[in-house]
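Undergrad: Residues per chain, in single letters:
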Amino acid sequence: MAQQILHLEFNGKSARVNFQGLPDLRPKPTVTLSTAAGPVTQVRVTNGLNPRVDTAQLRGDILIQGDPEIDFATAGQILDVDQLTTTYYDPSVPEPQPVTDFRELDIVYDAFGNEKERRPHSNRRPNLNELQPVKVGKRIPLAQALVQFVFRFNYQILHNDSLTRDFLHDIARELHQKQEVALLGAGAKGTLPLVIRERGSPYRAFLYGEVGEDETAKDRYKLLMLLSDMELKRPPHAASGTP
Amino acid sequence: MRCSTRDFARVSVTSTTGIRWLRRSIQGMEHAVAGCSTCLTRCATLQSGNIAFSDWTCANAWLLIGLVMARDVNFTLGGQTATVQLEAKIDRKSLYGYAAKTIEKDGRSLSRGWLCPDGKLLRRESVAMQKIDPEGTPFDEPVTEANGEVVSLQPSSFEQAAPMESVPLKALIGFNVRDVYPLTKCTLAPGLYKTVFSYRKSIQPYDALVLVRAEDAFLLVGQYKVSTMVGLSVAYEFFDSAEDAEGEGEDLDFSMV
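Heads up: the sequence lines are chains H and Y, in that order.
For the first sequence, our numbering assigns the number 10 to the initial residue and increments by one for each residue that follows.
For the second sequence, our numbering assigns the number 94 to the initial residue and increments by one for each residue that follows.
The following block holds chain H by itself, in its conformation from the complex (with noise of 0.2 Å):
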């Protein structure tokens, strides 16, 4: 069971819980496909492209009279992933070698495009269980955030004790009662995205609580993390003049 830890923080006290994927309501089938000759793979092969021929010039005439753009002699061979070594050349040299010393960049588009900044490639690290606890910190009204933000992913966050359950159970009933979702934010000031994985993507989180209203379910609760990249709108080169 692949569980994970939250160091959370609320109304000044923190304790590390556990969060945890949810099942598919309707699991996805096991697909495969199959021939007579017997179920189906998936293979990489070499496909043959003459890397000396620049495709953009090839007129119908030439492609009629010959196949200058495949090299039947390279093609069709099928490539043991485990035995090839990710490398990099330069390809404006007609016969490219690998490359040493390089530089790894992230260039930074804007949503038109254009190039905003280059720096340093940075690879981004979980920040759900650092010294410094995640902190719950802005509500806003579950009914505006749920259409004002796109939701890639739940998790449920669980006690591992009676402490923790407290300390959860008060924090869902809290926000069950408002009808709010609280941000949840990492780092000092607890304003960072969350990272859940390694190299992963950061995310905007927001905390979802509900507890058991009538008598015999009061102790239940359940506290959802809802993750977010993006806001629910169009984009800014497409919101005007759209009927």
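Derived from the structure by calculation, the hints contain no laboratory data.
Accuracy of the hints is not assured; some may be wrong.
[What the hints assert, rightly or not] Result set (BS3-like, lysine-lysine): computed pairs, CA atoms no more than 25 Å apart in a straight line: (1) Y/Lys213 <-> H/Lys37; (2) Y/Lys263 <-> H/Lys187; (3) Y/Lys224 <-> H/Lys37; (4) H/Lys37 <-> Y/Lys263.
Source: prediction; values computed, not measured.
Go by the hints and put chain Y onto chain H.
TA: This is chain Y only, laid out in the frame that chain H set:
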């Protein structure tokens, strides 16, 4: 530049706004797209209906930009058919931009490839994925099995109307959104509607929600998850470990690129 007269792609343009977009964009696109004069003339004189692009570059450019992507989707709600227009998918790149990793040496951008055990370097574009049978042969029509039973693909959402029902707003909780499509010409009352959606033929369509706000409407395609109320003890067996996930201030900053 003029290309062959063969029609490479036909794109339906039914919205007047779409046509307006198209016309307004043509001057700006002319140089960027390197479009052929035939395609550009067709776009410029378009009133409604189909454009038959005669050049792949032009067709792909328009498709990528999503200016003419609106397609009709039908839903059945309370015995009535509701038709909406589905526009191009929205992702966070189109809202906030993105960061692309690049490899450089001495100011020159490098490409990624593979080094074979014999020292040969394979360019990325020289390698393709191929489905083969156990004898190593590409095939034409495989048999598709789901959970061990032979199945046929269901039509896409553009080919058949999907049933739809009104659900409370809280149905958005526990719904993992995969794709977001803006909807136009939506006559549904504001609220949330549950349905299914499949852009292409599929074995099982995705779960979907249509969210109609006062000023706009969106189709959210994804998957429902099941959560549970927990008591003093937690039934961990309930939870699935195979989560295939990636895992401030007044204005939330979503430009986390």
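Undergrad: Does each hint hold? Answer for all of them.
TA: Evaluation of the provided hints:
1. Y/Lys213 <-> H/Lys37: violated, 40 Å
2. Y/Lys263 <-> H/Lys187: holds, 15 Å
3. Y/Lys224 <-> H/Lys37: holds, 21 Å
4. H/Lys37 <-> Y/Lys263: The given pair, whose Cα atoms are some 23 Å apart, holds under the 25 Å limit.
When each numbered hint is compared with the structure, a violation occurs for hint 1 only.
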